[in-house]
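> Going down the list, the protein sequences come from chains V and U. Counting from 1, position 77 in the first sequence corresponds to residue 77 in this note's numbering; the numbering is continuous, with no gaps. Counting from 1, position 147 in the second sequence corresponds to residue 361 in this note's numbering; the numbering is continuous, with no gaps.
A few of these clues could be false.
To be verified - Quick list of in silico lysine-lysine cross-link-like pairs, BS3-like style, CA-CA up to 27 Å:
1) V/K19 with U/K280
2) U/K318 with U/K398
3) V/K19 with V/K46
4) U/K314 with V/K204
5) U/K318 with U/K417
6) V/K24 with V/K46
7) V/K184 with V/K100
8) U/K418 with V/K100
9) V/K184 with V/K125
10) U/K233 with V/K66
11) V/K104 with V/K204
12) V/K66 with U/K221
13) U/K314 with V/K203
14) U/K314 with U/K398
15) V/K203 with U/K417
16) V/K104 with V/K184
17) V/K204 with V/K125
18) V/K104 with V/K203
19) U/K418 with U/K318
20) V/K203 with U/K318
21) V/K100 with V/K204
22) V/K66 with V/K46
23) U/K417 with V/K100
24) V/K66 with U/K280
25) U/K314 with V/K100
26) V/K179 with V/K100
27) U/K221 with U/K233
28) V/K19 with V/K7
29) V/K7 with U/K280
30) U/K280 with U/K233
31) V/K66 with U/K238
32) V/K104 with U/K417
33) U/K280 with V/K24
34) V/K125 with V/K179
Stated by the list, open to error - Partial list, computed: chain V residues near chain U (C-beta under 7 Å):
35) R57
36) R58
37) E62
38) I89
39) S149
40) M152
No wet-lab data here; the hints were simulated from the structure. From a predicted model like this one, the values you see are computed outputs, not experimental measurements. Beta carbons: idealized from backbone N, C-alpha and C, even for Gly.
Number of protein chains: 2
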Amino acid sequence: MLVTGRKEGNISVHGSVYKNLRDKILYGFLRPGQSLTLRSLASEFKTSMTPVRDSVRRLTAEGALKISLSGRITIPVLTIERFNELLFIRSIIEAELAIKALPKAHIALIDRLESINLDMEMFAKSFEAMEYIRANMEFHRSLYLRAQSPIMLSILENVWLQLGPTVKHALGENWNIVKQSEHKNILSALNNQDSSQLIFLIKKDVLGCQNIFM
Amino acid sequence: MLVTGRKEGNISVHGSVYKNLRDKILYGFLRPGQSLTLRSLASEFKTSMTPVRDSVRRLTAEGALKISLSGRITIPVLTIERFNELLFIRSIIEAELAIKALPKAHIALIDRLESINLDMEMFAKSFEAMEYIRANMEFHRSLYLRAQSPIMLSILENVWLQLGPTVKHALGENWNIVKQSEHKNILSALNNQDSSQLIFLIKKDVLGCQNIFM
DNA sequence: CATACTCAAATGTGATCACAAAAAATCTAT
DNA sequence: ATAGATTTTTTGTGATCACATTTGAGTATG
Numbered sequence: 001m002l003v004t005g006r007k008e009g010n011i012s013v014h015g016s017v018y019k020n021l022r023d024k025i026l027y028g029f030l031r032p033g034q035s036l037t038l039r040s041l042a043s044e045f046k047t048s049m050t051p052v053r054d055s056v057r058r059l060t061a062e063g064a065l066k067i068s069l070s071g072r073i074t075i076p077v078l079t080i081e082r083f084n085e086l087l088f089i090r091s092i093i094e095a096e097l098a099i100k101a102l103p104k105a106h107i108a109l110i111d112r113l114e115s116i117n118l119d120m121e122m123f124a125k126s127f128e129a130m131e132y133i134r135a136n137m138e139f140h141r142s143l144y145l146r147a148q149s150p151i152m153l154s155i156l157e158n159v160w161l162q163l164g165p166t167v168k169h170a171l172g173e174n175w176n177i178v179k180q181s182e183h184k185n186i187l188s189a190l191n192n193q194d195s196s197q198l199i200f201l202i203k204k205d206v207l208g209c210q211n212i213f214m
Numbered sequence: 215m216l217v218t219g220r221k222e223g224n225i226s227v228h229g230s231v232y233k234n235l236r237d238k239i240l241y242g243f244l245r246p247g248q249s250l251t252l253r254s255l256a257s258e259f260k261t262s263m264t265p266v267r268d269s270v271r272r273l274t275a276e277g278a279l280k281i282s283l284s285g286r287i288t289i290p291v292l293t294i295e296r297f298n299e300l301l302f303i304r305s306i307i308e309a310e311l312a313i314k315a316l317p318k319a320h321i322a323l324i325d326r327l328e329s330i331n332l333d334m335e336m337f338a339k340s341f342e343a344m345e346y347i348r349a350n351m352e353f354h355r356s357l358y359l360r361a362q363s364p365i366m367l368s369i370l371e372n373v374w375l376q377l378g379p380t381v382k383h384a385l386g387e388n389w390n391i392v393k394q395s396e397h398k399n400i401l402s403a404l405n406n407q408d409s410s411q412l413i414f415l416i417k418k419d420v421l422g423c424q425n426i427f428m
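Please build the complete structure, drawing on both the sequences and the hints.
As structure tokens, then:
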């Protein structure tokens, strides 16, 4: 049976293709420079070109994909300048979100962050790169969610999306770097309501990526 | 003759539809809450649904349009919280871009900004709202371009895009507010390489919009 | 007068297709 | 063997279509 309509609230084909593709990019499953085609994505997701096209257009608008002048689809290759600009933007936005979240960082949130951090320790030991990266993002996102600045958060997530492939592939087998101790410092700054220390730690955490190219 | 291909470098149908629609939103030709349909846009632009769909998806990703759960396309209606968050983001990004541009603001740039400001004066007197708004954006963009931070600038332009319809319609017939004197102050801060004064003026210029809702 | 129901028109979605351009593969001449 | 020419394949674009769902006007019911 041919199904084209969609009950309100049900997820559309476009929506699930988008989510899948986005996650692949965000978690570094696709290499910078790698090229994609509508038809192969369509067959991978067992659908037609149309929802794939929609997803590609959307992800291109978010900076996660690049469409060349001749229309070919690739994972963008970041120049060093672009990479540094993205990190700089991260540092500004994350500092701002952290400040806004700080007064609202109650015990429930801190507990949750601690639990995520324990998960990260576990994933690091058992070499589960994907889960480690996902947990790291979840740590940051959980904190920033408290800032209640949805637009700024979505801008930040787009920046993460643009960094995803490059960071994952620059790290290579070294994804296993210790972030847990830095996270513990962040937790104590939250506990102490120490805003200047929090900003310092967040900026350090973000700009720590800067040397992965060398 | 049916034409579907496209020489490299030539603008696609999707591209021109996108630009047209984007400008309409940016310059406030569409009212917040107004609904659009693929078919009517397609006939307006004398094309089929496909390029329109692409443009709508792209603009939705940029926050310039909203697609409801049932798929209907509208110009987003900003809540007061969302509006204030957008202004806050503008103030952060524009301050950052201004600082970066300041050391590179040589005489050629300042001349150009002065000329744009004269145009604005003219458009204000002859009641050309559209041209006035366009010139005001051009003033800011010309300055920020010197910051050589293309990603930050494109984020800023998306924020402008989200504010466009609401600002234009909240202003109504009062689009004619005097910005020229504030711009002159900005020019003198540039001339004096006075960074703290520049930030103060930029923030004042941006947050000056805050009371248009009352 | 308000509320629920009916039904036709309007709308976005996903699928499919032809086509021009680009890219890849094959062939040819030197 | 290699560079250039030619053919074949791949690819994105724009157009069109059927269809499920939504919408909104009209109507009936209380």
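> Look at each hint and say if it fits the structure.
Results of checking the hints against the structure:
| no. | hint | result |
| --- | --- | --- |
| 1 | V/K19 with U/K280 | 18 Å, holds |
| 2 | U/K318 with U/K398 | 18 Å, holds |
| 3 | V/K19 with V/K46 | 15 Å, holds |
| 4 | U/K314 with V/K204 | 21 Å, holds |
| 5 | U/K318 with U/K417 | 20 Å, holds |
| 6 | V/K24 with V/K46 | 17 Å, holds |
| 7 | V/K184 with V/K100 | 20 Å, holds |
| 8 | U/K418 with V/K100 | 21 Å, holds |
| 9 | V/K184 with V/K125 | 17 Å, holds |
| 10 | U/K233 with V/K66 | 18 Å, holds |
| 11 | V/K104 with V/K204 | 22 Å, holds |
| 12 | V/K66 with U/K221 | 18 Å, holds |
| 13 | U/K314 with V/K203 | 19 Å, holds |
| 14 | U/K314 with U/K398 | 20 Å, holds |
| 15 | V/K203 with U/K417 | 23 Å, holds |
| 16 | V/K104 with V/K184 | 18 Å, holds |
| 17 | V/K204 with V/K125 | 24 Å, holds |
| 18 | V/K104 with V/K203 | 20 Å, holds |
| 19 | U/K418 with U/K318 | 22 Å, holds |
| 20 | V/K203 with U/K318 | 26 Å, holds |
| 21 | V/K100 with V/K204 | 18 Å, holds |
| 22 | V/K66 with V/K46 | 23 Å, holds |
| 23 | U/K417 with V/K100 | 19 Å, holds |
| 24 | V/K66 with U/K280 | 23 Å, holds |
| 25 | U/K314 with V/K100 | 25 Å, holds |
| 26 | V/K179 with V/K100 | 23 Å, holds |
| 27 | U/K221 with U/K233 | 19 Å, holds |
| 28 | V/K19 with V/K7 | 19 Å, holds |
| 29 | V/K7 with U/K280 | 18 Å, holds |
| 30 | U/K280 with U/K233 | 17 Å, holds |
| 31 | V/K66 with U/K238 | 25 Å, holds |
| 32 | V/K104 with U/K417 | 26 Å, holds |
| 33 | U/K280 with V/K24 | 25 Å, holds |
| 34 | V/K125 with V/K179 | 13 Å, holds |
| 35 | R57 | 5 Å, holds |
| 36 | R58 | 5 Å, holds |
| 37 | E62 | 6 Å, holds |
| 38 | I89 | 6 Å, holds |
| 39 | S149 | 6 Å, holds |
| 40 | M152 | 6 Å, holds |
Violation of the numbered hints given earlier is absent; every hint is satisfied by the structure.
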